[in-house]
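From first to last, the protein sequence lines are chains A and B.
Heads up: the first sequence runs through residues 3 to 172, numbered per the working numbering.
Heads up: the second sequence runs through residues 3 to 172, numbered per the working numbering.
The set of hints was computed from the structure by calculation and includes no laboratory data.
Keep in mind that this is a model prediction, so the values were computed, not measured.
Treat the hints with care, since some could be wrong.
Any copy, or any two copies together, can satisfy a pair, since identical chains are not distinguished.
What the hints assert, rightly or not - List time: in silico DMTMM-like cross-link candidates among lysine to aspartate or glutamate, alpha-carbon distance up to 25 Å:
(1) Lys27 / Asp159
(2) Lys27 / Asp116
(3) Lys27 / Asp96
(4) Lys27 / Glu97
(5) Lys171 / Glu48
(6) Lys171 / Asp18
(7) Lys171 / Asp145
(8) Lys27 / Glu48
(9) Lys171 / Asp14
(10) Lys171 / Glu142
(11) Lys27 / Glu168
(12) Lys171 / Asp148
(13) Lys27 / Asp136
(14) Lys171 / Asp159
(15) Lys27 / Glu101
(16) Lys171 / Asp105
(17) Lys27 / Asp14
(18) Lys27 / Asp105
Number of protein chains: 2
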Amino acid sequence: MSTQTTPTPLPDVIADIQANPDHGKLTVGATGMLLHGVRCHADIREHALTIDEPMGIGGTDAGPNPVEVVLAALGTCQAITYRVWAAVLGIELDEVRFETEGDIDLNGFFGLRDDVRPGFGAIRHRVILVGPEDAARYLELADAVDRHCPVLDIVADPVPVERVIETRKR
Amino acid sequence: MSTQTTPTPLPDVIADIQANPDHGKLTVGATGMLLHGVRCHADIREHALTIDEPMGIGGTDAGPNPVEVVLAALGTCQAITYRVWAAVLGIELDEVRFETEGDIDLNGFFGLRDDVRPGFGAIRHRVILVGPEDAARYLELADAVDRHCPVLDIVADPVPVERVIETRKR
Numbered sequence: 003m004s005t006q007t008t009p010t011p012l013p014d015v016i017a018d019i020q021a022n023p024d025h026g027k028l029t030v031g032a033t034g035m036l037l038h039g040v041r042c043h044a045d046i047r048e049h050a051l052t053i054d055e056p057m058g059i060g061g062t063d064a065g066p067n068p069v070e071v072v073l074a075a076l077g078t079c080q081a082i083t084y085r086v087w088a089a090v091l092g093i094e095l096d097e098v099r100f101e102t103e104g105d106i107d108l109n110g111f112f113g114l115r116d117d118v119r120p121g122f123g124a125i126r127h128r129v130i131l132v133g134p135e136d137a138a139r140y141l142e143l144a145d146a147v148d149r150h151c152p153v154l155d156i157v158a159d160p161v162p163v164e165r166v167i168e169t170r171k172r
Numbered sequence: 003m004s005t006q007t008t009p010t011p012l013p014d015v016i017a018d019i020q021a022n023p024d025h026g027k028l029t030v031g032a033t034g035m036l037l038h039g040v041r042c043h044a045d046i047r048e049h050a051l052t053i054d055e056p057m058g059i060g061g062t063d064a065g066p067n068p069v070e071v072v073l074a075a076l077g078t079c080q081a082i083t084y085r086v087w088a089a090v091l092g093i094e095l096d097e098v099r100f101e102t103e104g105d106i107d108l109n110g111f112f113g114l115r116d117d118v119r120p121g122f123g124a125i126r127h128r129v130i131l132v133g134p135e136d137a138a139r140y141l142e143l144a145d146a147v148d149r150h151c152p153v154l155d156i157v158a159d160p161v162p163v164e165r166v167i168e169t170r171k172r
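Turn these sequences into a full structure, and let the hints steer you where they fit.
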């Protein structure tokens, strides 16, 4: 895959997995480290991300913070799933825009209240679809998207996380 | 906050929220759109992200894909929570590194199998902590971190997502 220079057409990707179901099974990853303060560096294959916190919550604002990045992942995963499922269902679609927001209460993160979860209490996700088809067709598409969108599934349903801690004496 | 030029020290952030619990309540957001193919642009305040898919699954690999970004968000959120909670608990900590991976089966995304979820079936998260303290102290820290890490909470526990679809005729 690393030497590939043009995208595999989506119908070919789907046909390959249909013929060889094991080709659908992937393990993806990210590595990274804490830099000065709360600033972080992350590597995803050849892509690098800088993650930080706003100055008002102790960071230097060198990048978005992790919960903001989750919202960007949700919005873009929805957008990509709209593109793919519009093709699968034969629905013409010109534009997809998203506005995604989440409510968080730092009383949870800082351990000031035990009855407040540290993550999002709620997410609101607005999708704007532009194209030539009737609204009913786009609502049909939206239902298919929400059943198949990976990040929506990760956020809305529990994912088992196995943790390993390794400590090294300085 | 936009005119602030130095980070608020964390003890001040915590003391302010302790005195005014409502100051802990934030709404954060991301907006964006689909570009050519499955490539996306996302805006988070003044920060921009390019999200795409690898060529092998129909993209141009101009950036990480959404599920990879979720793993980077989880790893960096854990790292930041280690920094913050080490300070809260008075534990000296020199370095935090992470290696985070997730298993995904595209049979779910493409709707080829109904018994396969579209998101991660499992996440494995390895944290490497370096510092002068005994391993037991770092395990105590790790437990506090896992109870207070926002992205771990978002991934491991269900978040309610409210969806609004707006359609516009071309």
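- Are the CA atoms of Lys171 and Glu48 at most 25 Å apart within a copy, between copies, both, or neither? neither (31 Å within a copy, 39 Å between copies)
- Is the C-alpha distance from Lys171 to Asp159 at most 25 Å within one copy, between copies, in both cases, or in neither? Neither: 37 Å inside a copy, 33 Å across copies.
- Item | Intra/inter-copy verdict for Lys27 and Asp116 if alpha-carbon distance must be at most 25 Å | Result: close only across copies, 15 Å inter versus 38 Å intra.
- Item | Up to 25 Å CA-CA - Asp96 versus Lys27, copy category | neither (31 Å within a copy, 37 Å between copies)
- Message: When Cα atoms must be at most 25 Å apart, do Lys27 and Glu101 count as within-copy, between-copy, both, or neither?
- Response: between (31 Å within a copy, 20 Å between copies)
- Checking Lys27 and Glu168: alpha-carbon separation at most 25 Å within a copy, between copies, both or neither? Classified as neither; 28 Å inside a copy, 34 Å across copies.
- Query: Within a copy, between copies, both or neither: where do Lys27 and Asp159 come within 25 Å Cα-Cα?
  - Reply: both (20 Å within a copy, 24 Å between copies)
- Query: Between Lys27 and Asp105, at a C-alpha cutoff of 25 Å, which is it: within one copy, between copies, both, or neither?
  - Reply: Between copies only: 7 Å across chains, 33 Å inside a chain, cut-off 25 Å.
- Message: At most 25 Å between alpha carbons: which applies to Lys171 and Asp14, within, between, both or neither?
- Response: neither (50 Å within a copy, 30 Å between copies)
- Item | Up to 25 Å CA-CA - Glu97 versus Lys27, copy category | neither (30 Å within a copy, 33 Å between copies)
- Is it within, between, both, or neither for Lys27 and Asp136, if the alpha carbons may be no more than 25 Å apart? Neither: 36 Å inside a chain and 39 Å across chains, both beyond 25 Å.
- Item | Intra- versus inter-copy proximity for Asp148 and Lys171 (alpha-carbon distance at most 25 Å) | For Lys171 and Asp148, only the inter-copy Cα distance (21 Å) is at most 25 Å; the intra-copy one is 46 Å.
In this structure, the hints that do not hold are numbers 3, 4, 5, 6, 9, 11, 13, 14 and 16, in rising order.
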